[in-house]
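Enquirer: Residues per chain are reported as follows:
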Amino acid sequence: MHYLLKNCRLVDPLTRRDEETDIHIADGKIARIGRGLTVSEAQVIELRGKVAAPGFIDMHVHLREPGFEYKETILTGCTAAAAGGFTAVCCMPNTNPPIDDESVVRLIKERARAALDGLVDVYPVAAVTKERKGEHLAPLAELATAGAVAFSDDGDPVYDAEIMRRAMEYAAMYDRPVIQHAQDMPMTKGGAMNEGVVATRLGIPGMPPAAEDIVVARDIHIARYTGSRYHLAHMSTAGAAAMVRAAKAEGLHVTCEVTPHHFTLTDEAVMGFDTNTKMNPPLRSKSDVEAIRKALRDGTIDAIATDHAPHSYDEKQVEYQTAPFGIVGLETALGLAMTELVLTGVLSLSSLVEKMSTNPRRILNLPEIRIAEGQPANLTIFDPAAEWIVDVQAFKSKSKNSPFGGRRLTGKPVGVINNGAAYWV
Amino acid sequence: MPLHSRHMLGLDGMSREDIQLILDTAVSFREVLDRPIKKVPPLQGKTIANMFFENSTRTRLSFELAERRLSADVLGFQATGSSVSKGETLKDTARNIEAMKVDMVVMRHSAAGAPHYLSRVIEANVINAGDGGHEHPTQALLDMYTIRERLGRIEGLHVCIVGDISHSRVARSNIYGLITMGARVSVCGPATMIPREAAELGVEVYHHIDDVLPTVDALNVLRIQLERDAGRLFPTLREYHNYYGITRQRLEKAGRAITILHPGPINRDVEISAEVADSEHSVILQQVLNGVAVRMAVLYLLSARN
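Heads up: the sequence lines are chains W and L, in that order. Under this note's numbering, the first sequence has 147 at position 147, and the numbering climbs by one with no breaks. Under this note's numbering, the second sequence has 495 at position 70, and the numbering climbs by one with no breaks.
Each statement offered as a hint is correct.
Covered by chain W, per the in silico footprint, the following chain L stretches (three or more residues, Cβ under 8 Å):
hint, segment
1, 513-524
2, 538-545
3, 549-563
4, 615-625
BS3-like, lysine-lysine: derived pairs with alpha carbons at most 25 Å apart:
hint, chain 1, residue 1, chain 2, residue 2
5, W, 398, L, 516
6, W, 109, W, 29
7, W, 316, L, 516
8, W, 400, W, 412
9, L, 464, L, 526
10, L, 516, W, 400
11, W, 109, W, 398
Sample of chain L residues at the chain W side, in silico, Cβ under 8 Å:
hint, residue
12, 437
13, 534
14, 594
Rather than coming from a laboratory, the hints here were simulated on the basis of the structure. C-beta atoms are modelled at their ideal positions from N, C-alpha and C, and glycine is treated no differently.
Use the sequences and the hints to build the structure in full.
Expert: Pasting the structure below:
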């Protein structure tokens with residue numbers, strides 16, 4: 001691999017750099033950075049103002065392997081990640097078997113290294129509890145040693161406050177956050193969408209925003225009491241955003257992420273019963289979306305993560321209440337973030353890069369990506385002005401369950417470089 | 426003048442003209458039901474499948490009778506004992522039935538939106554006979570027909586729906602239809618049974634039945650789901666009856682003649698006293714008869730659109 005990236009706009013929040021330059025990459029490392037570089041043997045890629053940024057990470061992905069390979073595999077998931085502009089993903093533990101044993105962590109890491117020449121770093125998030133049942137702690141130390149970067153029972157909450165407290169205390173010894181899927185279970189039993197005027201209109205059982213807030217409130221109390229690190233997954237409510245903001249002001253180790261669908265769509269999208277609008281947490285009201293955007297702007301929200309949740313065509317071709325929760329997100333994340341946040345002035349380009357690269361890496365204690373001569377090249381390259389229309393059939397993901405098909409977006413990945421490999425879209 | 430849609434999925438968004446057309450058409454079919462020979466030929470040669478994925482006796486019989494009175498061929502389908510219990514999806518079941526060249530499908534299903542989904546995957550006209558807690562449009566149409574028959578109009582009347590509004594498809598369809606037809610609509614029940622956002626549907630919300638009765642023209646009393654709700658949505662049946670049950674004393678206290686509707690089947694002396702159910706103000710049995718006429722009108726108008 002030998003590339004000369006000509007005239008790219010280098011956006012690097014770590015060094016506060018935002019300038020047009022050339023980058024010469026040789027043998028997976030950054031050989032030189034500077035204007036007007038000429039290298040005889042390199043493949044020249046003329047970028048004309050397209051952005052080069054530290055490689056993006058999606059800290060919330062369901063790769064489905066092992067166990068649900070008909071929805072997604074590590075290979076198809078990594079390919080979708082690369083096509084979406086990501087050089088790293090965290091994969092969630094609701095596989096079969098679940099990631100509650102070090103052997104599963106090792107298996108996933110091994111298969112990820114074999115996929116696309118190891119282009120996409122796969123960081124497993126291991127289960128908090130054995131079989132994700134919420135009853136007994138999983139072997140957290142063994143899992144951390146094998147390479148788990150965080151713990152979560154995602155898909156389900158860690159519902160028992162005592163288990164949550166002990167998990168956070170134990171994970172803190174290894175400086176790993178516990179990632180919570182915040183949902184009060186009795187309050188959401190049978191629920192299939194946000195409780196609100198749309199659910200009332202459609203007669204679909206609702207999941208009230210309070211059901212998310214209750215668990216977040218409890219967890220923040222535990223984070224305060226234990227001093228441990230807490231990361232709230234896919235935050236979707238105004239109430240949770242306010243609590244995370246206050247927790248941060250207080251100096252607690254509390255962080256959170258938001259999905260592109262939660263800052264883009266409201267529960268109005270459910271009118272028409274499209275099962276690709278069904279996810280958990282559900283699409284919320286307009287006032288929640290506004291609060292989420294405010295929390296993105298003021299820095300309450302640390303990271304943008306997709307909750308990429310592939311499901312087969314047939315699984316979603318059923319009645320709304322029967323359909324599984326979740327949508328794919330890897331290949332629309334950048335376009336939605338650019339269109340909905342950067343072009344609307346909610347985020348600067350640099351703060352977008354922070355939320356898709358720098359911040360999530362910090363939350364997970366991953367090494368910083370340094371864009372400097374002699375450093376490994378880990379870059380996401382994208383065109384911030386390219387307009388395109390989402391075609392779900394063109395997704396590299398094995399599953400096409402997205403509500404964004406046909407949507408016009410601005411901002412498109414161009415390619416990624418990592419671990420001595422590259423992928424050009 | 427044809428209907429605007431080739432399916433009957435719900436009254437949410439249906440125009441006043443369409444509702445008016447159905448009610449007016451039902452008048453002539455209602456007249457057919459009084460003849461010695463109660464059969465007319467308009468759906469001769471048409472095949473209608475009644476797909477009931479949820480238990481129902483009266484709605485299914487009412488549709489079946491309406492179909493036979495219109496001379497259609499009728500195909501019955503019960504979810505229990507069919508391939509659904511063997512794990513077949515709704516889509517496959519519907520496509521199989523359609524492959525038998527069915528012209529119309531009448532569907533009852535426990536999931537909101539199931540008939541809407543069906544209408545996207547099959548060619549036949551789809552009629553919603555109740556989808557989860559969403560809509561039951563023909564029930565609301567027959568309720569409106571009965572109110573109009575009894576009181577001469579719908580516009581300007583105050584209709585109150587009493588009971589579990591949150592989980593009721595009958596309530597939703599009535600709310601959408603009655604508001605479109607210009608009625609004043611209120612709902613009454615314990616706070617646990619009224620959606621938080623009910624007012625945003627355009628209805629007035631009451632929690633005490635005696636507050637609303639003095640201005641009501643027609644009362645639509647919903648059935649209480651005895652097994653499901655006691656202890657969860659309200660404490661006991663006795664308490665519900667004491668605070669929301671429609672009794673003669675209550676109606677007398679209100680001091681006006683209030684027309685009583687009930688979608689059935691009734692729980693005597695729970696949501697309604699036996700005395701009121703059998704009183705001269707009750708139109709419960711007229712609803713049953715009118716239901717056949719209204720369903721004939723819906724089937725006829727949808728068929729005429731093809």
